[in-house]
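Trainee: In order, the protein sequences belong to chains A and B. The C-terminal residue of the first sequence carries number 764 in the numbering used here, and the numbering is unbroken. The C-terminal residue of the second sequence carries number 403 in the numbering used here, and the numbering is unbroken.
Everything hinted at is true.
Dumping the calculated DMTMM-like pairs for lysine to aspartate or glutamate here, alpha-carbon to alpha-carbon at most 20 Å:
id, chain 1, residue 1, chain 2, residue 2
1, A, Lys388, B, Asp308
2, A, Lys549, B, Asp296
3, A, Lys552, B, Asp296
4, B, Lys363, A, Glu606
5, A, Lys488, B, Glu228
6, B, Lys359, A, Glu391
7, A, Lys393, B, Glu200
8, A, Lys613, B, Asp296
9, B, Lys225, A, Asp349
10, B, Lys359, A, Glu604
11, B, Lys324, A, Glu391
12, A, Lys388, B, Asp296
13, A, Lys272, A, Glu244
14, A, Lys656, A, Asp593
15, A, Lys269, A, Asp99
16, A, Lys552, B, Asp293
17, A, Lys613, B, Asp293
18, B, Lys225, A, Asp378
19, B, Lys359, A, Asp495
20, A, Lys393, B, Glu228
21, A, Lys552, A, Glu707
22, B, Lys225, A, Glu396
23, A, Lys388, B, Glu326
24, A, Lys552, B, Asp308
25, B, Lys225, A, Asp348
Since the hints were derived computationally from the structure, they do not count as laboratory data. Predicted model, so just to flag it, every value in this text is computed and none were measured.
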Amino acid sequence: MMRYSFIFIIITLLSINVFSQQTFSGTVRDAGTGKNIEGVTITIDSLRLGAISDENGKFLLNLPGKGPWTLTLKHISYESISWNVKKHSDSTVVHDIIYLRSKPYDINPIIITSDRIEKRLDEIPARVSVINSTTIEGLPSANIDEVLRSVPGLYVNRSWGMYSKNSSVTMRGMGSSARVLVMLDGVPLNKSGGGGVNWNLLPTGAFEKIEVEKGPGSSMYGNNSMTGTINLITGGASEKERAEADFFISQFNTQGIGFRFMTPKKIKKPYLWVSLSSMQGDGYFLDPKESRTEYSSKSFLNQYNAYAKAGFQFSDSARIEVSALGSSFRSGLGTAVYEPNGSYDDYTTYMGSIRYNVAKKNNTWNALLFSNYEDYFNLNENINKSGEYKLSENPTKKIDAGLWCNMEHRFNDNMDLIAGIDYKFSLEDGKNLYLTASDEIYFFGIHNFAAIFSQLTKKVAKRSLFQIGLRYDFGQYSQGEIVIKNPTAISDFLMPYTGQHPSSTWNSLSPKLAYKYLMSDNFNVYASISKGFMPPTIDDMTRSGKIRKGIKIANPYLEPETLYNFETGCQINLKEKLTFEPSVYYSIADNMIYQVWTGQEVEVIGEGPKPMIQKRNVSQGTVAGAEINIIYDFSKWLTCKSGYSFNYSKISKYDALPGDTDLSGLFMAEVPKHLASFDARFKYRIFTFVAEYRYTGETFFDDENIGIIDDYHLVNASLFARIKNYSIGVSVNDIFDVQFIDKKGYLSPGRFVAARINVKL
Amino acid sequence: MKKIAKSLLAFFSVCCLIFLSFSSCNKEEDEGLPPKLFVMFSDSTNIKDTSIEAGKSIQIIVKGCGSGSNITYFSLIRNGVHVLDSGLNSSEFISNRLIVRGTDSIENYTVLIRDRKFNEATFSFSIGLKPTLSYGSIRFWPNIILGAQNNTSVGSFFNLFSGQIYNLQQAYSNQDSVQLLYYYDVSDFNTISSPNANIDTSYFGGSYGLAHWTHKNEVRFVQINNSESEFLAMQNDSLIIANIFPYSTGKRKAKSLHAGSIYAFSTGGLYGILFVNNVNGQNSGTIDISIKIQE
Numbered sequence: 004m005m006r007y008s009f010i011f012i013i014i015t016l017l018s019i020n021v022f023s024q025q026t027f028s029g030t031v032r033d034a035g036t037g038k039n040i041e042g043v044t045i046t047i048d049s050l051r052l053g054a055i056s057d058e059n060g061k062f063l064l065n066l067p068g069k070g071p072w073t074l075t076l077k078h079i080s081y082e083s084i085s086w087n088v089k090k091h092s093d094s095t096v097v098h099d100i101i102y103l104r105s106k107p108y109d110i111n112p113i114i115i116t117s118d119r120i121e122k123r124l125d126e127i128p129a130r131v132s133v134i135n136s137t138t139i140e141g142l143p144s145a146n147i148d149e150v151l152r153s154v155p156g157l158y159v160n161r162s163w164g165m166y167s168k169n170s171s172v173t174m175r176g177m178g179s180s181a182r183v184l185v186m187l188d189g190v191p192l193n194k195s196g197g198g199g200v201n202w203n204l205l206p207t208g209a210f211e212k213i214e215v216e217k218g219p220g221s222s223m224y225g226n227n228s229m230t231g232t233i234n235l236i237t238g239g240a241s242e243k244e245r246a247e248a249d250f251f252i253s254q255f256n257t258q259g260i261g262f263r264f265m266t267p268k269k270i271k272k273p274y275l276w277v278s279l280s281s282m283q284g285d286g287y288f289l290d291p292k293e294s295r296t297e298y299s300s301k302s303f304l305n306q307y308n309a310y311a312k313a314g315f316q317f318s319d320s321a322r323i324e325v326s327a328l329g330s331s332f333r334s335g336l337g338t339a340v341y342e343p344n345g346s347y348d349d350y351t352t353y354m355g356s357i358r359y360n361v362a363k364k365n366n367t368w369n370a371l372l373f374s375n376y377e378d379y380f381n382l383n384e385n386i387n388k389s390g391e392y393k394l395s396e397n398p399t400k401k402i403d404a405g406l407w408c409n410m411e412h413r414f415n416d417n418m419d420l421i422a423g424i425d426y427k428f429s430l431e432d433g434k435n436l437y438l439t440a441s442d443e444i445y446f447f448g449i450h451n452f453a454a455i456f457s458q459l460t461k462k463v464a465k466r467s468l469f470q471i472g473l474r475y476d477f478g479q480y481s482q483g484e485i486v487i488k489n490p491t492a493i494s495d496f497l498m499p500y501t502g503q504h505p506s507s508t509w510n511s512l513s514p515k516l517a518y519k520y521l522m523s524d525n526f527n528v529y530a531s532i533s534k535g536f537m538p539p540t541i542d543d544m545t546r547s548g549k550i551r552k553g554i555k556i557a558n559p560y561l562e563p564e565t566l567y568n569f570e571t572g573c574q575i576n577l578k579e580k581l582t583f584e585p586s587v588y589y590s591i592a593d594n595m596i597y598q599v600w601t602g603q604e605v606e607v608i609g610e611g612p613k614p615m616i617q618k619r620n621v622s623q624g625t626v627a628g629a630e631i632n633i634i635y636d637f638s639k640w641l642t643c644k645s646g647y648s649f650n651y652s653k654i655s656k657y658d659a660l661p662g663d664t665d666l667s668g669l670f671m672a673e674v675p676k677h678l679a680s681f682d683a684r685f686k687y688r689i690f691t692f693v694a695e696y697r698y699t700g701e702t703f704f705d706d707e708n709i710g711i712i713d714d715y716h717l718v719n720a721s722l723f724a725r726i727k728n729y730s731i732g733v734s735v736n737d738i739f740d741v742q743f744i745d746k747k748g749y750l751s752p753g754r755f756v757a758a759r760i761n762v763k764l
Numbered sequence: 109m110k111k112i113a114k115s116l117l118a119f120f121s122v123c124c125l126i127f128l129s130f131s132s133c134n135k136e137e138d139e140g141l142p143p144k145l146f147v148m149f150s151d152s153t154n155i156k157d158t159s160i161e162a163g164k165s166i167q168i169i170v171k172g173c174g175s176g177s178n179i180t181y182f183s184l185i186r187n188g189v190h191v192l193d194s195g196l197n198s199s200e201f202i203s204n205r206l207i208v209r210g211t212d213s214i215e216n217y218t219v220l221i222r223d224r225k226f227n228e229a230t231f232s233f234s235i236g237l238k239p240t241l242s243y244g245s246i247r248f249w250p251n252i253i254l255g256a257q258n259n260t261s262v263g264s265f266f267n268l269f270s271g272q273i274y275n276l277q278q279a280y281s282n283q284d285s286v287q288l289l290y291y292y293d294v295s296d297f298n299t300i301s302s303p304n305a306n307i308d309t310s311y312f313g314g315s316y317g318l319a320h321w322t323h324k325n326e327v328r329f330v331q332i333n334n335s336e337s338e339f340l341a342m343q344n345d346s347l348i349i350a351n352i353f354p355y356s357t358g359k360r361k362a363k364s365l366h367a368g369s370i371y372a373f374s375t376g377g378l379y380g381i382l383f384v385n386n387v388n389g390q391n392s393g394t395i396d397i398s399i400k401i402q403e
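Next up, chain A with everything else stripped away, as it sits in the complex (with noise of 0.2 Å):
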């Protein structure tokens, strides 16, 4: 009988120990993109406990006694939470869905516009930063290209603050933007017109994520990643339904106000995200107080953007979305005469692409068909210097739209090749019209781009990793034509040159070869040599006209510029603390495109004889480099990161004709030798306070090397809280209010202070 008791009691209690269990079940999902998590450690230490989360980011756990618990989630590229739960009255399971953000700073994180394919960072041969959502929020930066300062080597000039215009992003000891590919959520951005990217298309908050890839990524992409390739990428469908306002107002009268709206992405469902923002503003006088007239005036903002993206997604691994973007940026000169808004610049954009994506069993399909129209129009007024008023219409239309494919084949899980085809067209047709003389001049032209690609890409023994990758474009100039209607002194010195320019064809090959070594989880060296250009501007080959060395005449047999580059790098993370990451470059670029004479002279009735200028593939340049990123992570309130880049980059050579300056061994321009950048971000509780130190060096703003832009220092901060659904915050741009002065003349904003509210609804 005693013996049964005291089995009866040992099963009871037995009994009571597993019914005072709490069973908990868990996913854990990126804040951002609303992916499952794998690997984030979840301890409660005080019972020793704890889970990883599996590759759809679930764990459980079996909580003992009463509770309540207090679950701490780490992973290496998320920031540390603690989670509590509560024992339930029944002991049902508990199910939560948990959220973690991603830190400043991911020293792994996924890219996918290196190999077109989603992949690790640690899987990719080459130099790659990557800003998320949680360093882009908080930061002072007005726009999303100041983001980019703090990436070592990008040089970002955007002399007027958020009243420029447009911005220049250069990088790798190259100056001009069109070396660089810049695409939004994959879309290239680079004009075939010019070359150059609208930077002004979106506000800061409607982006997820940068990727930058730093050194020549046309073995991909072709056209424009000559120097390197940027990618912006916008938000994507959340776990939830959600929305979220932007109010912000600053000095110069400028206040703008933002919308963000999503839905959940889920299996035969659609889903929506829509970003809707616009700001005004006064400006400033742009011109120096010194300088300053009675026809001197501020340089307005109105801006206004549209950006909705809509898919369906037939499975976890096929989906089809729909895009739609349109965008107005009309900002003032900086003179008025009698126009009511002065000179003024308009740019409005509309974008549109449909993308479609598939996995099945081993391989992988994207296609991706996109449009990018850009209607520019330019009014300017102004006194010349002999006191004749002059007003002219620019209005220019570019068009570039193309299909881009490409598919993915996994043999196993150590090699993959992608291949693909790309296909763009591309049209400039433009205006100047002289309202104050009798001269029209209409220019046309119009470029198609097709390209195939290939890239292998091969693991051997887990540690090494081996890349090969060859592409082929071929672009064609047709229909380039130049018409002057009632020509004055104005262009009749262009008439000889009017009429339809011959079609023209080029070829670029573009090889890389690319080796990584994961020496441990926490070092890595890799090695590439690679190939870029950047094609020919239809600008340069269908337009003529006067500029300030003479008469520049159109060249439509332009070749495209190519630049072959050597570089090695690596990273050291200790003791998932501090993160080193420098790397060293060797550029030779060749046929590269100045403004040159053509030893011809053009007669300008009233001014005499003016020298003929040709752009023509002419010069061979190197760029020798280096560049370093460091990342602190001090601890759980503190990080701070610094980049340092070093460029010599100079003309070799140049085919200058005798009486023409010869560049040979002059800097190039619009390259500044050094740039160093380092910020901190501190957080506790609520706040988050974030201070930005940038330098550039001196740097020549003409090719002759003798203009000068003096190196200057700014400081930036911002300081935010967030409580629950609201972030309230202010920034402060050029603390110093260190105001310089632009080659051309013009005065930057100087300190800019702003405010903001962020609601999340």
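Based on these hints, arrange chain B on the given structure of chain A.
Mentor: Coordinates of chain B only, in the frame set by chain A:
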């Protein structure tokens, strides 16, 4: 289902918003009516075909009035060549123009105005050529020596009507009496021009410098092909009339001058010819010129 409908409605609303807001910003608006143009003689009589002697002038009044858009361009075309192109930005304007008859057998003039939207209005008339019964007298200034901008002993400024030479300070005190000046420039070399010729402010700078002048006369120049002997043989303005040019087609500067350079010039409705006898030095040098101008 309701959520899907809401999402789709939101999506299409956004699309409509995008297209409406951007399609309303249409730059191509209606053409509109052409501006109104009135051209008459200075005595307000209606302009008609007429004939005058070479070298003589007639004054016309041009009045333009926009029909909803500002007028931005006013042009005077003589025998198919633009002799005046003027920019403006006004709903209406009145312009008095002096037309000096050249030596062509017939001069067909067209007055053209155009508004902001490229609507045009034109008026045409002709001026025939009467035989010249007598030529006018001329003023002769032989061997005028002018100093370049850094010459401290010889003045750089000249009065075409009194023959007086001024230094910078004297010229500043007699601004309305100065028509010509001389300087040397690294691009333009030896140059004769006038105070209103947009000269680099580093030349003739300081407190008396051209940047501070309130009255700046202007002279226009056209290089001609006549010889020194033809210039010297002139006893009346016949050669000057033979070289008459529409004022606004002349250059503001006579550049790269050297011994033997010869230019026709015009100022204040009068015409003349300038001959370069000699040039000596650079920005501290001198130029020796002879001038014959209508009286």
